[in-house]
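Peer 1: Starting from the given sequences, assemble the full structure and let the hints guide the process.
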Amino acid sequence: MPNLRARRARRPGPRRYTRRDRLVLGVLLGLPILLDLALIWGPTFASVGLSFTTWDGIGDIRWAGLNNYDHLFTGYPQFWPAVRHNLLWLAFLGLLAAPFGLLLAVLIDRGVRFSRFYQSTLYMPVVLSLAVVGFIAQLILSRDQGALNAVLGSKNPTDWLGNPGLNIWMVLLAAGWRHTGYVMILYLAGLKSVDPGLKEAAALDGASARQTFFRVVLPTLRPVNVIVGVITVIESLRAFDIVYAVNKGRNGLELLSVLVTDNIIGEASRIGFGSALAVVLLLVSLGFIVTYLVQELRGERRR
Amino acid sequence: MTASATTAPPTLRPEPTAPAPTRRRGRFGIHLFLGAVSLAFLAPLLLAVYASLRPYEETAQYGYFSFPRRLSFDYYRQAFIDSGMSKYFLNSLLIAVPGVLLTLFLASFVAFAVSRLRMRGGILLLMVFTAGNLLPQQVIVTPLYVLFNKIPLPYWMSDSLTMYDSLWAVIAVQTAFQLGFCVFVLANFMRTLPQEILEAAIVDGAGVWTQFWRVTLPLCRPALAALGTLQFTWMYNDFLWGLVFLSDGDKLPVTSALNNLRGEFFTDYNLLAAGSVLVALPTVLVFLLLQRHFIAGLTLGASKG
Chain X
1 MPNLRARRAR RPGPRRYTRR DRLVLGVLLG LPILLDLALI WGPTFASVGL
51 SFTTWDGIGD IRWAGLNNYD HLFTGYPQFW PAVRHNLLWL AFLGLLAAPF
101 GLLLAVLIDR GVRFSRFYQS TLYMPVVLSL AVVGFIAQLI LSRDQGALNA
151 VLGSKNPTDW LGNPGLNIWM VLLAAGWRHT GYVMILYLAG LKSVDPGLKE
201 AAALDGASAR QTFFRVVLPT LRPVNVIVGV ITVIESLRAF DIVYAVNKGR
251 NGLELLSVLV TDNIIGEASR IGFGSALAVV LLLVSLGFIV TYLVQELRGE
301 RRR
Chain G
1 MTASATTAPP TLRPEPTAPA PTRRRGRFGI HLFLGAVSLA FLAPLLLAVY
51 ASLRPYEETA QYGYFSFPRR LSFDYYRQAF IDSGMSKYFL NSLLIAVPGV
101 LLTLFLASFV AFAVSRLRMR GGILLLMVFT AGNLLPQQVI VTPLYVLFNK
151 IPLPYWMSDS LTMYDSLWAV IAVQTAFQLG FCVFVLANFM RTLPQEILEA
201 AIVDGAGVWT QFWRVTLPLC RPALAALGTL QFTWMYNDFL WGLVFLSDGD
251 KLPVTSALNN LRGEFFTDYN LLAAGSVLVA LPTVLVFLLL QRHFIAGLTL
301 GASKG
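Chains as they are written, first to last, in the UniProt record's numbering: chain X, 1 to 303; chain G, 1 to 305.
None of these hints come from the bench; they were simulated from the model. Note that beta-carbon positions come from the ideal geometry of N, C-alpha and C, so glycine has one too. Any given hint could be a false lead.
[Claimed, not checked] FRET-style restraints, in silico, Cβ to Cβ:
(1) G/Leu281 <-> X/Thr158: 26 to 34 Å
(2) X/Lys155 <-> G/Pro98: 50 to 58 Å
(3) X/Leu204 <-> G/Ala201: 42 to 50 Å
(4) X/Leu152 <-> G/Ala36: 16 to 24 Å
(5) G/Leu124 <-> X/Gly287: 18 to 26 Å
(6) G/Arg118 <-> X/Asn251: 52 to 60 Å
(7) G/Phe28 <-> X/Ala91: 30 to 38 Å
[Claimed, not checked] Short, incomplete list of chain X residues facing chain G, as computed with Cβ under 8 Å:
(8) Tyr17
(9) Asp70
(10) Leu72
(11) Val106
(12) Gly111
(13) Val127
(14) Leu139
(15) Gln145
(16) Ile234
(17) Ser275
Peer 2: What follows is the structure in C-alpha cells.
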C-alpha cells in the first residue's frame, strides 16, 4: 500500500491550477511564508550580521569583526557561568526530570485506579506560566516570609533564592516540576500505542517486567524519545522566565538567554555584543535542530 | 499517531527468570508512590491558594501553616481591581484570541498545501517552519525591535504610531513563532486522512479553496480543537514578547504585569499569591475543562514516527 501511494505521488498528475487556485495559493501560502521569513528567519540572519558590529541601537553601525566574540570568550566574566548553568539545566532536565516523567508514565500506564487523577495532578504545573512558577517559588523559598523556612523553623533562615550557590538548584527544582509532567504525558501517549502483543510475546518468552520494558517497550518508544530529547534541549537553552521572575537572572542565576536580554534591552544597549551572545545560543540550538530535522526527514522518506 | 507503524519489532533474547511478584502488593506500593508525588506536585499550588486567602499580618505573625483565623477574598479584590489586573487580562485576551485564530488558519493552509497538494518543495517548507519554532527566542529580539520601531501604524491602530509598543507587534510575533509548531502538527494529522476524499472532490471540480475549506478542514476539527487549547495556553503564558515589545505598562499582558504587584521595598507575598492564582486560573480551567483536547494537541505532534 505505501508503495502504491508513493508511485502515485511521483507520477506527474494532470493537475492544473486555475487562476483562482493560484490566487488562493499565492495569498494563503505567501502570507505565512512572509511572516515566517520576516519575523523569524530574517531577524535570525540579521542577528548574525549584527554580532560583527559595535552597534548600540542608535548611532552608526560599525564593523567590529570578531571583537565581540573575542570579548565574549575572554573578557566577559558572566559568560562561562551562564554556559555552565545552561548545561546544568540540560543535565538536570535530561537525567533527572525526564526519566522521572518516564517512570511516572509507566506506573500510570499499568492501569491502576485513580490514574486519571494522578495524570491530571502531575500535569497541572505544565499549564502554569513559568512566570507564575517563579512567583510561587518565591512564596515558598523567600528568606523571611517563605513557607520552607517556616517549616524548617531555623533560627538563621536560609536564603534559598538569594544564595548564589543554592538558588540555581531551587530554580531547577521548579523547572523540573514542570518538565516532569510534560515528559510524562508524551510517554503516556507513546505507551498507549505500544502493541500489547509485543509485551505478551515477551512474557511468553519468559522475560521479566524489567527486561520487557528495557528490551521491548523502550525501543518501540524511540520516536517519543527523540521528541523528549529535543524538547529537553530546547527548554534548557530557552530557559528564561523563571530566573527572570525570581531575580532578573542575576546573582547565581545567569543563563545565556538572560545575558542576551540584559545586553539588548538593558540600559547598556550593547546590541552588537548581545547579538554575539545570541549567535552562540543559536549555534548550539541549530546543532540539535538539524539533527532532529534529519531524523524527521528520514521518517518522511520511509513513509 | 503512527508511532509503532514504522519501527521494526525488536529482536529479543529470552532469558529464564523468576516468576513475577504478586500483583496486589505492587499495586499498593504504586498508589503510595503516585499519591505522594501527586501531593508534592500539588502542594505549592495549594499553599499559594491558602496564603492568598489570609491577611499578610496573620501569616507574618503565625506562619503559613497556622490555623486560619480569618479567610477572605480581599487580596483577590485588591489584585483584580486596585492593581488593575482586569485591564491586563483584557490585554492578554486581545493578544491570545486573534493570535490563536490567525495561527490556526494560516498554519492549516500551509499544512494542507504541504501534505495534501504534493507540492514540490513541500518538505523544505515544512522544515523551515518547524525549525523556526525551535529557535531560541532571544536570537530574534533585537532585529525585531528595530523593525517594529520602523513600521509606522496610524493612530487608530497604535497610539505609539509605530508597531513597537502596540499589541500588533506581540500578536504578529506570537503568530509567526507558533506557526511552526501548528504546521508541523497539522501536516502530520492531515497525512493520516484518506487521500481518496480529496481526489473525489477534485473529480467533482473543487478548487484549491474548496478542497481546503470544505473538504479537509472539517476533518481536522479534533486536531484544531487540540491545538487551539494548547496554543491559547502558550500565548497566554508568554512572558518575553510582552516584556520586550511593549514599553507602555498599561498594554502589558497579565503574565508580565504580575511584576507590578511586587513592591519596590516591600512585597506582600500574600497579594502576590492572589495575583499568581488569578493569572494561573484561566489556563488551569482550560486544562481541566478541555483536558482531552489539550493532551491530544501535545501528543499529535509527538507520537509520530
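Peer 1: Evaluate each hint against the coordinates.
Peer 2: Structure-based check of each hint:
1. G/Leu281 <-> X/Thr158: 26 to 34 Å: With a Cβ separation near 31 Å, G/Leu281 and X/Thr158 satisfy 26 to 34 Å, so the hint holds.
2. X/Lys155 <-> G/Pro98: 50 to 58 Å: Check passed, 54 Å falls within 50 to 58 Å.
3. X/Leu204 <-> G/Ala201: 42 to 50 Å: holds, 48 Å
4. X/Leu152 <-> G/Ala36: 16 to 24 Å: holds, 20 Å
5. G/Leu124 <-> X/Gly287: 18 to 26 Å: For G/Leu124 and X/Gly287 the Cβ distance comes to about 20 Å; the hint holds.
6. G/Arg118 <-> X/Asn251: 52 to 60 Å: Between G/Arg118 and X/Asn251, where Cβ atoms are some 55 Å apart, the hint holds.
7. G/Phe28 <-> X/Ala91: 30 to 38 Å: For X/Ala91 against G/Phe28, whose Cβ atoms are near 34 Å apart, the range 30 to 38 Å holds.
8. Tyr17: holds, 7 Å
9. Asp70: violated, 20 Å
10. Leu72: violated, 15 Å
11. Val106: violated, 10 Å
12. Gly111: With a closest approach of 10 Å, the X/Gly111 hint is violated.
13. Val127: Interface hint status for X/Val127: holds (4 Å vs cutoff 8 Å).
14. Leu139: holds, 6 Å
15. Gln145: X/Gln145 check passes; min Cβ-Cβ to chain G is 5 Å, inside 8 Å.
16. Ile234: With a closest approach of 6 Å, the X/Ile234 hint holds.
17. Ser275: holds, 6 Å
Hint check: violations occur at hints 9, 10, 11, 12; the rest are consistent with the structure.
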